[in-house]
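Q: So the sequences go chain by chain: A and B. Numbered according to the working numbering, the first sequence spans residues 12 to 856. Numbered according to the working numbering, the second sequence spans residues 18 to 120.
Honestly, I wouldn't trust all of these hints.
[To be verified] Listed next, the stretches of chain B that the computed footprint assigns to chain A, with coverage defined by at least 3 CB atoms under 8 angstroms from CB atoms of chain A:
1. 26 to 39
2. 51 to 57
3. 86 to 100
Just so you know, these hints were derived from the structure itself, not from any lab. C-beta: ideal position from N, C-alpha, C; glycine also.
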Amino acid sequence: MKSETGFDPALYDRFPTKGERPEGELEELERIWCRPKGWGWVTAINNNFIGVYFVGAAMLFFCLAGILALLIRTQLAVPMNGFLPQETYNQIFTVHGTMMMFLFAVPAVEALGVVLLPQMLGARDLPFPRLGAYAFWAYLVGGLAFFSSLFFGLAPNGGWFMYPPLTSMTYSPGINADFWLLGIGFIEISAIAGAIEIIVGVLRNRAPGMTLDKLPVFAWAMLIFAVMIIIAFPSVILATTLMELERVFGWPFFDALKGGDPLLWQHLFWFFGHPEVYIIFLPAAGATSTIIAVVAGAKLVGHRMVVLAMLATGFISFGVWSHHMFTTGMPTISTSFFSAASMAVSIPAGVQVFAWIATLAAGRLKVSTPALFAVGGLTIFVMGGLTGVMVAMVPFDWQAHDSYFIVAHLHYVLIGGMVFPFFAALYYWMPMSSARPLSERWGRWVFWLMFWGMHITFLPMHLVGLMGMPRRVYTYLPDRGWDVINLVTTVGAFLFGLAVLLWIIDMARNFRPFGDREAGNVFGGPGLEWIPTGLYSVRSIPVVKSLYPLWDDPQLSKDVVAGRYFLPNSATGERETLVVSALNAEPQYLQRMPVPGVWHVLAAVLTAAAFLLLTVQAYWPALVGAVGAVLCMMRWCWDLDRPRVADMVDIGAGIMAPTYVSGPRSHGWWAMVITLVVAGMILLLNAFSYVFLWSRDPGAWGSPPPMMATALLVAGYVGAAGLGWLSCKALALDRARSPVIATGLMVLATGLLCVVTYSDIQAWLGAGLRPSTNAQGATVASLLVWQGSLTGITGLMGVYALLRLVFGHVEARRPSTFQLIALFLGYTAGQGVFGVLLTHLFPGS
Amino acid sequence: MARWAWMLGGLIVWAIHFLGVYIIASLGDVVDRADALAWRMAGLAFSGLCVAVVAILLFLSLRRLRQGEDEPNWRFREQLAALGAFVSLVSIVWQALPTVIGY
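All chains, full assembly: derive it from the sequences and hints.
A: The structure is reproduced here in structure tokens:
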């Protein structure tokens, strides 16, 4: 049988190994992966801690945003109510929507991945635990600061999608909108960091033998989810940056008087905003697929169709963003394309729903709280999906747009598609993460209160929407027929709130520090996550031969716990996990993992501080915070490319694997490539903004710098990339002066990049372009700002390379650092060439 | 990477098709009218091209499924490729309808 990497699959036959394992192996694992003591919980990095923190924080934000929902419903319970002042109401509904979407929904499902994936994949941890911890602390600090803005009257008030011109400086002159723009941009960076970890983790840290057809459906869902984040989230980062640049410096991206267009914001926002619905839905669908198979006691019907449906959803969801813009006057034929895609996306969603129903029919449902939440969520989601097809029809959307019908639709989709499955997941996997199940009796109360509370709240909203009640109004006049419906809706909301309160009490009971903690595989799940684990995750990493390993091999769990598979010990005396090939999961090398430390926490806090200080326009303190964050990150990266402890080690049953790999096979290279995809998406969307604003008023655009400048700039960028490449080649020669020559070339390359970018800026200034004059100036400047940012980072990398030379860390046996810097540099140079050619040649003179 | 591209080929063609027809209509809107006959026909021609590509992908993946391969995981990959190509074929035809009828 052909191999993907040269690994001989026949070696798998050596497992499970025979005989007793040497004494002390388990104790060593426990020592290496020990529980943090004292303040050590702040610096903890492995998923058992960070994942639980993450879920806890997401649920905290869910509860806080839920309280805001109750305030909204109290205000709307009766007409002409004065419970909340109008301005406060605006802030509360804006923060409610923003928190639910940005601080609960996405982080919650990402958190679920961080908790579950290592155990589910049979890995010791995800590949970048410090990055995961950084993402968590950044999210927590940023989220709490964002929520706290409510108490100072500084919370944003323009709705969760912050449309200009309402949010422009003219109509929102305070710093409320800035809180949203900078806070959300920052939190999305945290989401992207988590997504990088999940993509590399799912593809490279699986148990050997876990080929794609044996990859758990939840892991598939998390993989697609993370890729979608990488594609979609740069859009909102760019949008918020452009809006902030307009607000602070007057660059007219969205100002129609100067050639900008508010519709650009809608395009950029919804290119992120609609896929986000599926970003939230897919992991929940993965959890539902897993749970339904278990509670039905049958394998998931149509597993491959479900995987395909998830992939198709991921693709098609990027073709539906403008269905939020049907009323903006886009050409009819364009709206038809989006309408068709919006209807088409219901096909993969339908495939999943029918697969779940078929699985329930094929098995025998054991009624439990996770089963109730999974089936209840399915019901609600189908109802929301049906109204989704209704609003995908342009004429219907024209009637329902901005009415409570839409509010009802989106809550049905999000609660059925994410909240209920998430609660199902909490009840299902709680015995795994806390070793203690939640109360079944309380759980049923929680479910039924939540289920009926949800319907009582949102079903009548369809009606009141069709009766003409617009969304976002803080009160309404009596005698319009809306009074009773709104009162019923409010009662339903409080029922929902009661359900959440009961769940909080049950959670507090669950995490009490006394009593038994030996729940085991309560629901009889088939996945690796149900193998008994410690803080080191699995005792040994099994060879996976089935999609349902524990169902198909009842002996597996015992053998894994006895250490009869890969990595039964610590081969290097450090934290480590296996890295496998992406398709067939063949073992490639041993990844040495980091230990807890303080630098990523400091970096997160300082990054958050920099963003918050920018919000209040304290630019110098913000700069100090940013410099501090960069220094912490450099210190954190310092330990990434460590000296080798051994070239090859035994990873189990006498199979040898390297402990150091560089280039495209290494997990670090993958992370860098994904990071560059994020950068590339920002570039592409920036280019879209440039062309879009040109198309608004082509006649107003001026001439670019002369052609000679264009040629010189392109040559400069190509030269910088070439020097970076030469630097890696020089290091690979492995001669006495290789480190010095390689470092010199790298510093030269970064220096040249800085000079070329600066020259491009000067060329445009020489051509008379000013960012605040018109849309051309603004968009060219935004492309240059992006290029300048990456060039600045490259410059820091040059300094970093120099420091590594000074401290003796540059050697041919450890080329990773230089390869990654060269990769980043090469991308930045390529981006520079793209930007120069686009802005200098299009639309031309 | 080539195997991933093959496995997701149909869906990638769908994405390219979607962007293509959107860009063609947008260009039409700048130059003339988005639903002008010439621009609609350009969109339709592009859709036809994409349908042809995705049909070839479907044919090839079905043929490879019949032939079999000596590699773990191959059936899963080919099945995903075939199913993806089929879904894309339907989606592209569905999405080409506005260019046929003009709105």
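Q: So which of the earlier hints does this model not fit?
A: Nothing - there is no hint that the structure violates, so all of them hold.
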